[in-house]
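**Student:** What follows is the residue order along each chain.
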Amino acid sequence: MKRFAGFVRKEFIHIFRDPLTMIILFVIPALMTLLFGFVITTELKDVRVAFLDLSRDEMTQKIADKISSSGFFMRAGDLENYGEIDGALRSQRVKVVIIFGEHFGRNLLSEGRATLHIVTDGSEPNVATQATSFISAIAADVNRELAGTAVTANLLVQPEVRMVYNPALKSQYMFVPGLITMIMILICALMTSITLTREKEFGTMEALLVSPLKPIQIIMGKVIPYFFLSLIDAVLIILLSRLVFGLEVKGSLFLLWLEVMLYILMSLSLGILISSVAKTMQQAIFITLVGGMLPTVLLSGFIFPVESMPGAYRWVSAVLPPRYFIVILKNIMIKGTGFLHVWKETLILFLFAVFFVVMSIRSFKVRLE
Amino acid sequence: MGKQAVITVRQLVKKFGAFTANDHLSFDVYEGEIFGFLGANGAGKTTAIRILSGLSQPTSGSVRVAGFDAAREPEKIKKNIGYMCQKFSLYEDLTVRENIMLYGGIYGMPKKVIRERCGELLDRLQFSAYGDRLIAGLPLGFRQKLAFSVAVLHQPRIVFLDEPTGGVDPVARRQFWELIYETAAAGITVFVTTHYMDEAEYCDRISIMSEGKIVAIGTPEELKSTWQAASVEEVFVKIARPQHVTI
Amino acid sequence: MRNEQKQEVIRASGIAKSFGTTEALKEISFGVNEGEIFGFIGPDGAGKTTLFRILTTLLLPGKGSMTVLGRDVVREFRKLRGEIGYMPGRFSLYMDLTVGENLRFYASVFGTTIEENYDLIRDIYTHIEPFTNRLAGRLSGGMKQKLALSCALIHRPRLLVLDEPTTGVDAVSRTEFWEMLRQLREHRITVLVSTPYMDEAMRCDRVALLQEGRILAIDTPENIRQGYSRRLYSVRSAEKFRLITALRKFPETRTAWPFGEDVHVTFREEGRASGLENFLREVGITDARITEIRAGIEDCFLELMGGAHAGP
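Chains as they are written, first to last, in the numbering used here: chain A, 3 to 371; chain B, -16 to 230; chain C, 295 to 606.
Where hints are given, some of them may not hold.
Restricting the straight-line Cα-Cα distance to at most 30 Å, the calculated cross-link-like pairs of lysine-lysine (DSSO-like) are [said to hold, decoys possible]:
1. C/K373 - A/K367
2. B/K61 - B/K95
3. B/K62 - B/K94
4. C/K543 - A/K367
5. A/K4 - C/K373
6. A/K216 - A/K4
7. A/K281 - C/K373
8. C/K320 - A/K202
9. A/K281 - C/K357
10. C/K373 - A/K202
11. C/K357 - A/K216
12. C/K320 - C/K373
13. A/K216 - C/K373
14. C/K357 - C/K320
15. B/K(-2) - B/K62
16. A/K367 - A/K281
17. B/K207 - B/K(-14)
18. B/K61 - B/K94
19. C/K357 - A/K202
20. C/K320 - A/K367
21. C/K300 - C/K320
22. B/K(-14) - C/K543
23. A/K252 - A/K337
24. B/K196 - B/K59
25. A/K281 - A/K202
26. A/K367 - A/K4
27. C/K320 - A/K281
In short, the hints are calculated from the structure, not lab data.
Extracted from the complex, chain A is given alone in its bound form (with noise of 0.2 Å):
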């Protein structure tokens, strides 16, 4: 057990010994959460729009003054059929297109509902999440006003919300979930097999192997001083996500932080099995950024939903742990659910790291060779 303290000690001795490793560890979290954070939070103000009337009432000329209205819009012409829809939103003329269907009026009073569509641009995500929620509270505000009337009592009108380039974009704070998602990875899988690699490149390896230190022993060394500053790293994010952004985590934090240590563990061994392949440094970075990396960025629902992509992207997807995660951080920390929702995605994750913790220690080289 000495032994064992010693070797973590010195783990510690050159985490904090290194500025550069400081810096990945805790001020580029920080400024990715401040980053992302800010992008999506920017204030909306006159952003144009269009309306697409094929009922022309007395309903619909009423809805669409109240938006026009209201500060946050600015009404850019009117748009005659389907057609314009998406020039106007290509041609930048216009940002979200609201469309009203034929006889919407009279659904409303007849059938008690209606549909009014909101087309956003959603290569602009933000401004095209904030505007289909500001048109969803003035429909609720129509609601309520309808409701007074006592005349008809129980009138919804219901947006429906298709985006024509980025259609699954569901929630203002997406990002949270997908970069602690990205921010684990990078740290756990990268950090440990460049430390392990770093012994390898510089000789100290040999006298490591050389000494009673059992592999699981060098192993869990280097595993546990990056599974705390993992951790610490996890809070920071949703702090920040909570006092900057004011995002709260819906669902247990209890559930939350034991997933958290589920990811974290898997992505730890990954890097290790990573520095069993790599013999330089240089080797595991590129190993981790090209192989593990990337794909989690652009395959894994962090910028590109799952669900718009190709069949062999998903294939690919399915195959990627970060993807599960994103998935059961988004159900506890945004949806609110609990474990019975996540048990699948758990399982898969549970799966991975088990296998990745098994291979990593069988493929630990006792030799040089």
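Given chain A, put chains B and C in place with the hints provided.
**Tutor:** Just chains B and C, lined up with the frame of chain A:
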């Protein structure tokens, strides 16, 4: 020996802040001479060589190398010197011939001349059969002879060698020294820096640096008799053991 | 020279090792006795590092068997690790840790403390103790070497394995280093050391001369020198290159190798040195001094190599 100086150093001082790396060095190196430049780690050897090869400016004093002033004409110096260090001189993933062509190209030699000299070089070393072999597959002794020949391909006035024969087998080592003798006999000055004291025994003259100063200079025989030592190593240990420990 | 009362700490029989098509070691056998300083002397690529790695269980031998401290290097590698003090060629220090931190780390890894074994490293460590708080990366070569030696000794191993400890270290530090190894003998620690420097052979109790994966000779340095069977002459002249060329032309010359300021010469038939002086005078070398000398280790090494011209 012609006794014409190709390196003239007078009162050379190089300071880094308050630290004096070279403290009033003065010495000459002559044409066709094999000059050994010795010193302990941190004695100021590397600093001096950087100045001699035009990579660094002296703080004060005058340094002339191959007829050019080191402070004002470093670029001209670089054209007239060659350099070889034991470990990193040749590209392992290129063939013998490709390395030669590359090196000649770097010194701006015309293609035709490079090709001629490449042939001569391979003939002289009896390496003609190996022109298209990768460096990586060749024995160390072979590589060193080749690296040296490449370093003098552009016929410099002076060639700087850094620990040229450390680690090679005794036969290859001697073959290498014979190549150096041949080069020196042809008029090229060979400037050797080394840790390896019995390498110093092969030089015509040696200087020993300690704590920024030259503390001994002469032929190995002269130094050994002055310090009553059996070898240059003994001389070195007697005079270079620092008075107070420096790191 | 095997003394039967001495206990063998290493016994190697027929050890061979190949990497792809290169044979690094070609069935070598040797024994090392307890308490001696045993040197493997040979150039780069002779197989020194490969041998030491097999010995320290870091590599598996391709053929043959070896016991170290009574344990088989293949089957009992776990137990053996921890009983050896090993200093690899690149010193194995953490450059971002201080001198004290490095030593403390190696002590803890071997389950001991600096205090427990301080008496063993005192003579070595006092040289670097003033710099306890300096980062290892900022030490000179000689200081790094002393720290690495302290780290390799901190768990009081019975066998110390040093792979090229003096390469890249200046002559002053080398001399000090050998003095330290001498002192270790008082603690009955067996020292196995490799070096490309021929002159260091004289500082060992016994040596093995290694070349291209084979042992050329194995004995005390003195016996190896005694074993040189020819008469050896040293020739000196101010014009070295002309001298060598002339010596090669002299019909009776068998070998002529430059040795520092001199050229060492052997003749086809003994006693032909007399004709040489005249020959040299005839070709214009008038200052030649010819003296008969005793062979050094390097002369022996050259002789044992068969004077073979190393071609590719």
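**Student:** Against the 30 Å threshold, does the CA-CA distance of B/K61 and B/K95 hold or violate the hint?
**Tutor:** OK: B/K61 and B/K95 at ~22 Å, within 30 Å.
**Student:** Keeping to a limit of 30 Å between CA atoms, is the pair of C/K300 and C/K320 held or broken?
**Tutor:** holds, 27 Å
**Student:** CA of C/K543 to CA of A/K367, is that 30 Å or under?
**Tutor:** violated, 57 Å
**Student:** Starting from A/K281, check that the Cα of C/K373 is at most 30 Å away, please.
**Tutor:** Answer holds: A/K281 to C/K373 is near 27 Å, not above 30 Å.
**Student:** CA of A/K281 to CA of A/K202, is that 30 Å or under?
**Tutor:** holds, 7 Å
**Student:** Check whether the Cα positions of A/K216 and C/K373 lie no farther apart than 30 Å.
**Tutor:** holds, 11 Å
**Student:** Take the C-alpha atoms of B/K61 and B/K94, compute the straight-line distance between them, and say whether it is at most 30 Å.
**Tutor:** holds, 20 Å
**Student:** Is B/K207 within 30 Å of B/K(-14), Cα to Cα?
**Tutor:** Holds. B/K207 to B/K(-14) sits at ~23 Å (cutoff 30 Å).
**Student:** For A/K281 and C/K357, compute the direct alpha-carbon distance and say whether it is at most 30 Å.
**Tutor:** Holds, at roughly 26 Å.
**Student:** Hint check: C/K373 vs A/K202, CA-CA at most 30 Å. Holds or violated?
**Tutor:** With a Cα-Cα distance of about 22 Å, the restraint between C/K373 and A/K202 holds, given a limit of 30 Å.
**Student:** Take the C-alpha atoms of B/K62 and B/K94, compute the straight-line distance between them, and say whether it is at most 30 Å.
**Tutor:** Roughly 17 Å separates the two Cα atoms, so the pair holds.
**Student:** For a C-alpha distance cap of 30 Å, please report whether C/K357 and C/K320 respect it.
**Tutor:** holds, 9 Å
Violated hint: 4 only; the structure is consistent with all others.
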